[in-house]
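Enquirer: Each chain, written out:
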Amino acid sequence: MDIQEYFSLVFTDYTLRTITLGTAILGAVTGMLGSFAVLRKQSLLGDAISHAALPGIAISFLITGAKDSNTLLLGALVSGLIGTFWIRGIITKTHLKSDTALGLILSLFFGFGMLLLTFIQKQPNANQAGLDKYLFGQAATLVESDVWMMAIVTGICLFVLLLFWKEFKILLFDKEYAKTLGFNTKAIDILITSFIVLAIVLGLQTVGVVLMSAMLLAPAAAARQWTNSLATMVFLAAIFGAFSGVFGTAISASQNNLSTGPVIVLVAAVFVLFSFIFSPSRGLLFKQIRFIKNRRDLELHKTLAFMYHIAESHDNISHPHEIKILNGFQGYTKGTLKKLVEKNYVTLKGSTWSLTHEGFKSALNLYNQLTKNDE
Amino acid sequence: MSNAQLEIQLIASLVAIACAIPGTFLVLRKMAMISDAISHSILPGIVVGFFITQDLNSPLLILLAALTGVITVVLVEYIQKTGLVKEDTAIGLVFPVLFSIGVIMIAKNANDVHLDIDAVLLGELAFAPFDRLLISGIDVGPKSLWVIGVILLITIVLLLAFFKELKLSTFDKGLAASLGFSPVILHYGLMTVSSITTVGSFDAVGAILVVALMIAPAATAYLLTTDLKKMLVLSIIFGVVSAISGYWFAHWLDASISGSITTMLGLLFLIVYLFAPSKGVIAVLYREKQQRIEVSLLTFLLHLKNHDEDNERHVNHLNEHINWQKVRSKTVLDLALRNNMIVIDNKIVSLTPKGDMFTTQAIDYIITNEDTQIEDMKNDFFLFRG
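Protein chains in written order, with the numbering used here: chain A, 123 to 497; chain B, 335 to 720.
Chain A on its own, in the form it takes in the complex (with noise of 0.2 Å):
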């Protein structure tokens, strides 16, 4: 199946399509989200409580004996929960550093996870296959009523979003502003970061636990490249995160042996890197065409300013010099000579130059205005 076969193919086909909304929703839920944890420097925060949320599906497993998606989601999304107030605990009751917390917490949650796992699949229970989904993700598996369940959380997500927004964004930017109105900052706080473990344990059955955490962060940091505007930045996000979903999935069903949530991310990573090099105010591309442009005006100046003070010397500004005597001199070139001239403040004849009034009066106050920004 190419690209093209999907495409027909994704309006029709039961599966197809419901992976593919499934993807796409998770995508925007999750860039949504994820544009909070970016912008409150918890981006490794959607890593630890991804993998925290291993023991949770195991034990929900383990208590229930079905593989019914949803407990199994609940549990994770308990165990999620633990370990994200366990990581605050940690790191506002001890000295060790926020780094440490989320490594401690992300890597003892998942061995704990996985040596439950490996306990389930020696129990003589027929039931167990199909748990290690959870660790890369299948979105091969999901089914309808999944779709729908990440629908409606999407959809709270957004009344939330929409409900608190004023909140959100005010304890985003400046907490201690926000107590000082008297807003509950823990309790937003709570509700934000709870939102978020929701976010990433509807994934886990998409993408897994291990990639999972770029899902969160992918569309947010390209979507912040491209504004400074929250609301911009929380819409593009789920833009793009919807994007990449479709995207990877398109791709992924197009090619043999191509797990969905890998490419997924792939994808996300292509608009990270569209987005690092094209994005016209902070991409690397326009920044480095900025710096040219800032060194060649510098550069102009430089020849301008050596121009006026040999033209300085003379009685007549207008008198004419060799080019000769620039050479050798850092601001000078060709190029800059060629400028000077088609703004008028320098005139060639022959093999000689000679500063315009126009030009004497520019360098004369080169120095003085700042803010002119005629070069």
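One should not assume that every hint holds.
Not close to chain B: a few residues of chain A, all C-beta gaps over 10 Å, as computed [what the hints assert, rightly or not]: (1) S165; (2) L166; (3) W270; (4) S381; (5) L420; (6) N438; (7) L470.
In silico EDC-like pairs for lysine to aspartate or glutamate, Cα to Cα no more than 16 Å straight-line [as the list claims (entries may be wrong)]: (8) K664/B - E628/B; (9) K364/B - E411/B; (10) K215/A - E622/B; (11) K364/B - D588/B; (12) K244/A - D588/B; (13) K712/B - D690/B; (14) K477/B - D465/B; (15) K163/A - E622/B; (16) K301/A - E289/A; (17) K477/B - E411/B; (18) K471/A - E444/A; (19) K219/A - E421/B.
Derived by calculation from the structure, the hints in this document are not laboratory data.
Glycine residues also receive a C-beta, built at the ideal position from the N, C-alpha and C atoms.
Once you've looked at the hints, dock chain B against the given chain A.
Expert: Same frame as chain A, now just chain B:
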């Protein structure tokens, strides 16, 4: 205990030691999450190395994979330097991408490669004794034992040779740089050692659980001591204890050895986290409560000092005046009485000369912004703490 069991425990212990040494420095340098990133992103290196060598224990594979680890660090630092995203986001972006590339490479070549992701991520220590190293036909022991043994030896030699430099650059980067120890070389040296250790340990304990062996013993030790040497020794002890007890736990439960080693590490951390003498949660909570009561006491004494009127100092009025709950005011009152700070005469509370002196000194310290001095002063005045 059979020979194989002994070998497994030996390998696990060596891995624990080899991880604990760089782990201690990673925790102290606030780079614990870098080890997580490295452990994920060595996957493509391992896969490429495996395509070339067809042997998970070959030195070339270890070097290639370790190189991927160092590349991860370089990439993270490059992204950070562009200022487009924060450091943690940079880490969180780089390793899933590299990991995804590794997963896809394995999946695409699943037919010709005897390598599966579970093995790389989780390892299987139980099979380690069966892969023997034969030198001219003589069995000299399991391959992974030699691999991790050599890595451990190198780590220890490097640690002994550069202990002073590492210590200095960990605690005072500026001073280390000004004394001429290149922070860059030390930083990348540490990163290289961590990468090599991670790669060397992955087929024993799995790439992700290496993170646990690096961070958990060091973090646990850090709660117990602030001396670098003691911390190193303690984290090695914690690592080895968890490795051996974890092995027997797994043996009893018939489950993954690496998972159970991690669980042991988790239990150890939990115990220390709760009960560590001065930095454990219980100790911290107790101290916080003590300080809250003592601050209340000080407030109470200041109130008494500021008011001469009888009605302000009447026991019944205190409750409503300072606005405390009954239990709390009783605790404070008791504490003050026991420390001979106040006397209650006919239901009127007044300061004793000692209480007066204490309050005066406390005010002095508060006014001069030397609040910390109050702690020392409490030792001089208090017979009983809050």
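Enquirer: Run the structure past the numbered hints and jot down the numbers of the failing ones, going up.
Expert: Structure breaks hints 1, 2, 4, 11, 15 and 17.
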